[in-house]
Amino acid sequence: MTALLDVRDLRVTYGRRRGAFRAVDGVSLTVAPEETLGLVGESGSGKTTVARCVAGLIRPDGGGVHFDGQPLGPVGRRPAALQRAVQMVFQDPRSSLNPRMTVAAVIGEAWRTHPSAAPGGDRAEALHRLLADVGLDASTASRRAGDLSGGQCQRVSIARALAVSPRLLVCDEAVSALDVSVQAQILRLLDDLRRERKLALLFISHDLGVVHQIADRVAVMRRGEVVEEGPAGDVMSAPRHEYTRALLDAALDLDDGTPEQTGTTRDFPA
Amino acid sequence: MTRAATARAATAGDAAAREASALTVTDLTVTLPHPGGRVRVLDGVSFDVPPATTVGLIGESGSGKSMTAGALMGLLPEGATTTGGVVWRGTDLLTADAAHLRRVRGRQIAMVFQDPLAALNPTQRIGRQVGEIPRRDGLSRAEVRRRVIDLLDRAGIPEPERRMRAYPHEFSGGLRQRAVIAMALSGNPSLLLADEPTTALDVTVQARILALLRSVQRAEGLSMLLVSHDLRVVSHVAERVVVMYAGRVAEQGPAREVLRRPAHPYTRALVASVPAVRTRTALADPLPGAPATPAARPSGCPFHPRCPLARERCRTEVPAPRAVADGRRSACHFAEEVLGS
Ligand SMILES: Nc1ncnc2c1ncn2[C@@H]1O[C@H](COP(=O)(O)OP(=O)(O)OP(=O)(O)O)[C@@H](O)[C@H]1O
Ligand SMILES: Nc1ncnc2c1ncn2[C@@H]1O[C@H](COP(=O)(O)OP(=O)(O)OP(=O)(O)O)[C@@H](O)[C@H]1O
Ligand code: SF4
Ligand SMILES: [Mg+2]
Ligand SMILES: [Mg+2]
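Line by line, the protein sequences give chains A and B.
Mapping of the first sequence onto this note's numbering: residues 1048 to 1317, in sequence order.
Mapping of the second sequence onto this note's numbering: residues 9 to 349, in sequence order.
Each hint should be verified, as a subset may be incorrect.
Just so you have them, the derived chain B footprint on chain A, three or more residues with Cβ under 8 Å [claimed, not checked]:
id, segment
1, 1116-1129
2, 1151-1165
3, 1174-1183
4, 1258-1268
5, 1271-1284
Per the computed footprint, the stretches of chain A lying under chain B, defined by three or more beta-carbons under 8 Å from a beta-carbon of chain B, are [said to hold, decoys possible]:
id, segment
6, 1082-1091
7, 1102-1111
8, 1187-1199
No lab work stands behind these hints: they were computed from the structure.
Just so you know, even glycine gets a beta-carbon here, dropped at the ideal spot from N, CA and C.
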């Protein structure tokens, strides 16, 4: 299978001279069509930075990103088709939405930017279907982003990204503010799109349980580097790198007081 | 015990618990202006936070968890009206005077906001923001600096001397979240309202933060209202849980019992959707239909359009929260059936 997204030897430095900080240090990743790559790792290890490079929001100082064989430059210089093909759901949904805009306007703007993706028929109906897909009722359309709860904002960002039918979706903690039942609905939706429209997913999350559910492969980042990568089942059940083991050891399962769950993590070994 | 006796025992237990509690929320109702008239975003919310106890507040996205915390802090959107009682150490915060509230909010009661980026001032260095309360308390520059470094360090921020000079945009999501936690702890609060405090953190840092909060809790008798969608976290740190749906409390009780044996079908659906870490769980079946919002609250039981147990009565009659077992309350007409199955 050839890669749709090909991130090769990516390097990103923030700041200059004495304040310079290498946030990403030689990261290589690939995602094939119809594939989900889970990206997990330490807070501050550079996951969002990798995502920002793929989205073309920052320029790497080494290495590069290719999509379908073409180099992915800064977002402003991407051809419209490429802009449309690569969509991103940001980690801070509230700050990526204009609080004064209604949800209908947010989605409308996406369709205006990419007319080729706009629904041919009844726009209101397409909008409502899109909202229903992410678990929002039709009345949400007329509400301002600033009046929505955290999880509602998150679902609007997902709807905005999906509105233009991307080929690659970069999800940065995209379901982290959702209760598990809504989360289940979104994960189902993404998984259906993956199979039906061959959507490729770069899925960044701290939730190892969710990553294990949805990812085909998993890459683990620490301090700007990928320390382990492999099929999800292998990485999650037989981790090879010490840091991956530490992550898995710290991960909590539901403690409902039954003997096999109690006592193991209640005291949080630091 | 008969069902009536169980209910009586539960009510007696409730009364004792309320007396000893640090925070008592009674029938809290918040309305907001809405195109179609005012909407009750919170509708008769009641629960207690006992001293040195963690209460987990879980529930549907949009069900009113942040609004509940906001109401306790006096931070509600413009045009909100509030009724009910929020009694903290004997004083109702909804009617207290401004001077009293200044002593309480931000100090005795501090909040960790859901969106760290929005809670931080983008133009000020992190150290300045974390040092705000110590500086207002009249500590010297050197003392403020020491205190800031200590707070950042305790919140798990590496290299605090260097990081305190950074601006919020230079922090990763997880670092921001820890900075906000350091800020909340800076006034030595007795009650911490933590809105999704560990969502943006990797599990090792999450464990450290939870351990930190727990040690503060043990050493200083801190109470905590932990808003989280992460049932796994809640199950490990909370003694009690309150489950919200569409602006109302669906059920509440001791954490482990509620999670092991829910007394409300919504809680049961939540528990069934929790993925495991080391084994691959199949994607859960989502609940049918859209989540209810307070603005579009279905008649009768707000959960009825999605509830597998719904019957005719559920469509017409609002289930009042009632005692269903020791220390447990549920707002389901058929709670006993849910508990028994
Ligand atoms: N604009 C910036 N200026 C300076 N440093 C930055 C900037 N943005 C990020 N960093 C730093 O780069 C590192 C990587 O940040 P990044 O946001 O990519 O991490 P992350 O893996 O997404 O972490 P998290 O899981 O906490 O969101 C962090 O140490 C962060 O403080
Ligand atoms: N400023 C506002 N004006 C009008 N309605 C609002 C406003 N803020 C929130 N709401 C609505 O009030 C309800 C409760 O919101 P709240 O933020 O408390 O939800 P939540 O339970 O914290 O959800 P989440 O888990 O998604 O953060 C939501 O349905 C939301 O749309
Ligand atoms: S009252 Fe009826 S609809 Fe509501 S949760 Fe109970 S069984 Fe379901
Ligand atoms: Mg990030
Ligand atoms: Mg919230």
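Structure-based check of all given hints:
1. Interface restraint, the segment 1116-1129 of chain A with chain B: violated (0 residues with C-beta to C-beta distance below 8 Å; minimum three).
2. Evaluation of the coverage hint for the segment 1151-1165 of chain A: breached, as 0 residues show C-beta separations to chain B shorter than 8 Å, against a requirement of three.
3. Judged by the Cβ-Cβ criterion of 8 Å, the segment 1174-1183 of chain A is covered by chain B as claimed, because 3 of its residues qualify and three suffice.
4. Using a Cβ-Cβ cut-off of 8 Å, 3 residues of the segment 1258-1268 of chain A lie near chain B, which meets the minimum of three, so the contact claim holds.
5. Closer than 8 Å: that is the beta-carbon criterion, and the segment 1271-1284 of chain A has 4 residues meeting it against chain B, so the requirement of 3 holds.
6. Beta-carbon proximity to chain B at under 8 Å applies to 5 residues in the segment 1082-1091 of chain A; the threshold of 3 is reached and the given coverage holds.
7. Check result for the segment 1102-1111 of chain A against chain B: violated, 0 residues qualifying (beta carbon to beta carbon below 8 Å, three or more required).
8. Beta-carbon proximity to chain B at under 8 Å applies to 8 residues in the segment 1187-1199 of chain A; the threshold of 3 is reached and the given coverage holds.
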